[in-house]
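J.: Here's the letter readout for the chains.
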Amino acid sequence: IAGITQAPTSQILAAGRRMTLRCTQDMRHNAMYWYRQDLGLGLRLIHYSNTAGTTGKGEVPDGYSVSRANTDDFPLTLASAVPSQTSVYFCASSDSIPGLNTEAFFGQGTRLTVV
Amino acid sequence: GQSLEQPSEVTAVEGAIVQINCTYQTSGFYGLSWYQQHDGGAPTFLSYNALDGLEETGRFSSFLSRSDSYGYLLLQELQMKDSASYFCAVRASGSNYQLIWGAGTKLIIKP
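These protein sequence lines map, in sequence, to chains A and B.
Quick note on numbering: the first sequence equals residues 1 to 115 in this note's numbering.
Quick note on numbering: the second sequence equals residues 1001 to 1111 in this note's numbering.
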């Protein structure tokens, strides 16, 4: 089944630990995104990638890094987790052709708690 | 800066019609999208407007006025399953073509 998959679905992490959230899509979308959504709030863009080999910073990039070695995978790394990074993390993908309906498809989310 | 404004919460009765407004201020504009998110779930795409006017998809319609930087989502014949948060999002050239998101409108439906 085509789609976008995130792992893990939830995680409790000790502060100061390093953690990588995984995201894989099989729709051959050239653009991928990482968002965080805090309780009761909207989506905030952490990092994005318009195509394999390139990445860019979003609204809240500090404390996070990403890589885009190929089209399908877009992992998000927290180098040293802090409690303020407790959130739900969504990975998404889309085509990125300006002017067209570039619907974003979301993964099921990773619920991360940093203690 | 670039921003989208939408009401934080709207309450309606089952079977009624509700309109969720969205105003935007962005650098460049390609289109306005609407997404639905149920509690604990991922956002899912509902509609997209690139040109002025009304787009209808079943019980849901979406409207855009580019001159007013304004759009709305219209939900008809409300059902309890429509209880969710609804987000408007704009793809803008000024943000390197990224989607800029509103904070979401929580739709509460009462029987």
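Among the clues, some could well be false.
So the derived list for chain A, only partly shown, Cβ under 8 Å to chain B, looks like this [what the hints assert, rightly or not]:
{"id": "1", "residue": "41"}
{"id": "2", "residue": "90"}
{"id": "3", "residue": "109"}
Which chain A residues stay away from chain B? Per the calculated CB distances, all over 10 Å, these [to be verified]:
{"id": "4", "residue": "22"}
{"id": "5", "residue": "26"}
{"id": "6", "residue": "27"}
{"id": "7", "residue": "80"}
{"id": "8", "residue": "86"}
{"id": "9", "residue": "112"}
Per label pair, the in silico range of CB-to-CB distance [as the list claims (entries may be wrong)]:
{"id": "10", "chain 1": "B", "residue 1": "1079", "chain 2": "A", "residue 2": "82", "range": "14 to 22 Å"}
{"id": "11", "chain 1": "B", "residue 1": "1019", "chain 2": "A", "residue 2": "20", "range": "37 to 45 Å"}
{"id": "12", "chain 1": "A", "residue 1": "113", "chain 2": "B", "residue 2": "1059", "range": "32 to 40 Å"}
None of these hints come from the bench; they were simulated from the model.
Note that the Cβ used here is the ideal one computed from N, Cα and C, for glycine as well.
J.: Does each hint hold? Answer for all of them.
T.: Against the structure, the hints come out as follows:
Given hint, residue 41(A) at the interface with chain B, holds; its Cβ is 6 Å from that chain's nearest Cβ, closer than 8 Å. The beta carbon of residue 90(A) is positioned within 8 Å of a beta carbon in chain B (closest approach about 6 Å), and the interface hint is therefore held. Hint on residue 109(A) holds. Least Cβ distance to chain B is approximately 6 Å, under the 8 Å limit. Against chain B, the non-interface label of residue 22(A) holds: every CB pair exceeds 10 Å, the least being about 16 Å.
Consistency note on residue 26(A): stated as away from chain B, and its beta-carbon is indeed over 10 Å from all of that chain's, at 16 Å minimum. At the 10 Å boundary, the C-beta of residue 27(A) stays outside the reach of chain B, the nearest C-beta of that chain being 13 Å off. Even its closest Cβ contact with chain B, about 26 Å, leaves residue 80(A) beyond 10 Å, as expected for a residue assigned away from the interface. Distance to chain B confirms residue 86(A) as a non-interface residue, since its nearest Cβ pair spans about 16 Å, more than 10 Å.
No beta-carbon of chain B comes within 10 Å of the beta-carbon of residue 112(A); the shortest separation is about 15 Å. Distance hint check: the CB atoms of residue 1079(B) and residue 82(A) are about 41 Å apart, inconsistent with the given range 14 to 22 Å. Evaluation of the 37 to 45 Å hint for residue 1019(B) and residue 20(A) yields a pass: the beta carbon distance comes to about 42 Å. Checked against the hint of 32 to 40 Å, the C-beta distance between residue 113(A) and residue 1059(B) comes to roughly 37 Å, which is consistent with it.
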